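K.L.:
If you want the building blocks of each chain, they are given just below.
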Amino acid sequence: MWTFFHKLGSPPWLYAIAGTILRWLVPITLIALVAGMIWGLLFTPPDFRQGDSYRIIYIHVPAAVVALAGYYVMAIAGAISLIWRMKMADVVMRAAAPVGAALTFIALLTGAIWGKPTWGTWWVWDARITSMLILLFLYLGVVALYESFDNKEAAGKACAVLSLVGMVNIPIVYKSVDWWYSLHQPASIKFTGESTIDPSMLYPLLLMIAAFYALFTCCLLMNIRAELLQRESRTQWVKKIASEKGAD
Amino acid sequence: MYFDSLQGLLMMNGHGMYVWSAYLAAIAIIMTLLVVPMRRRARLLQQLAREANGSEDKTVGNARVEQ
Amino acid sequence: MHPVRRQRLLLVLFVVLFSSLAIGLVSYALRGNINLFYPPVDVVSGKAPTGHSIRVGGMVEQGSVRRSEDSLEVSFMLTDYKASVPVVYVGILPDLFGEEQGAVASGMLDSEGVLQATEILAKHDENYMPPEVAYALENAGFDEKGKIK
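Protein chains in written order, with my numbering: chain A, 28 to 275; chain B, 51 to 117; chain C, -15 to 133.
No lab work stands behind these hints, which were simulated from the structure alone.
There's no promise every hint is true.
The list that follows gives simulated cross-link-like pairs (lysine to any residue, SDA-like), each with its CA atoms no further than 25 angstroms apart [said to hold, decoys possible]:
no., chain 1, residue 1, chain 2, residue 2
1, A, Lys114, A, Ala96
2, A, Lys114, C, Asp109
3, A, Lys217, C, Asp109
4, A, Lys202, A, Ile161
5, A, Lys143, B, Gly66
6, A, Lys184, C, Arg(-11)
7, A, Lys217, A, Lys114
What you are looking at is a predicted structure, and each value in this text was computed from that prediction instead of being measured.
Turn these sequences into a full structure, and let the hints steer you where they fit.
P.N.:
Right, dumping it as structure tokens:
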């Protein structure tokens, strides 16, 4: 158990294992994404009330779900880097922020496009939508804060504190539709009790959610690898990799 | 398949503009997410290899390139 | 655990708890403003302000939609099954607007308690199903939530 943690803290090991995982995970992710999109666009029935516009759900819901889950990755990495001063946790936090921001942006954008034909508006200052916008600003805030410091250790601490404070927003996003009157409908997939979405529509949605989790993992690992090379550019293991690459 | 023609698939009973623009925008962002770190890593490796070959004694400093 | 690390862990927990508390208090204080709309029962009992534009949300009452023959004017009742608010609107309604469906109307209440709406938004629920399933449910005497009508 402890050796695993010690290995996690070793940059060359993390770089290598991330590379091995990516070799498998990137093709799987792309296949799952393409299959899920084709399934959702072509092979699911239209909704009895919304017609074909509901097909946006296959992008909107997975992006939103993973954007929220990704925040935990970032905040927990931030907490680890604060408490144990583990440099790799700092790398993970920094790597997660832009991916989370992009996924939150996808959720907001597709939500706006979906809102126009169903609700009759692109945007409304609804509790759910506003708290998602705050999530986007939190992610962007971590990216910007990190870049604004010259001292990367101080940058890591500041970002970790910001992401921990921002963690309050996550349950608010989840619960906003239950706590307040909002235009956004409650969740259709339920962990307890029966989902209120027909199985023929649920399965492609679950596939897309899995694909987006895989996508998040891929982007996270790729960002981690790039960040590692940059931070460790003076070390022997990076020079070795660079010279091997340069030879071919 | 729930559409009997390409026309039907593109139009989606009047919702085509919304559905297709949402999907295309999402695909574009996903592609960017994947390509940016790949290119950043490739550029870093290239730069490090060049600096290593150029002068053996010089250490590679300020390897932070524009992202 | 190392005492320094324990101290840092406590600090982290403190940051999370303290900020949760702060945000919790703020959203509790603002709870009226976070709600997107007033339910009809609040409007009828006079809890909703009358001087400026408000939003009222509820279900469009069965059989209450009246469309004008020569203009885009439409009137209907919004209900939460406890109270109802009459709404008048001139303009194009969203596709999903219909009787027994959710809707949010924004506008000002006039002296007779009628909401002069400037915008109507359709609210839909979390039920998704193919048309044939909805049709079969309907025939079997259930609504879309699986409840017996």
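K.L.:
Next, verify each hint and record whether it holds.
P.N.:
Results for each hint:
1. A:Lys114 x A:Ala96: holds (22 angstroms)
2. A:Lys114 x C:Asp109: Not OK: Lys114 of chain A and Asp109 of chain C at ~46 angstroms, beyond 25 angstroms, violated.
3. A:Lys217 x C:Asp109: holds (14 angstroms)
4. A:Lys202 x A:Ile161: holds (15 angstroms)
5. A:Lys143 x B:Gly66: holds (13 angstroms)
6. A:Lys184 x C:Arg(-11): holds (15 angstroms)
7. A:Lys217 x A:Lys114: violated (37 angstroms)
Violated hints, in rising order: 2, 7; the structure is consistent with all others.
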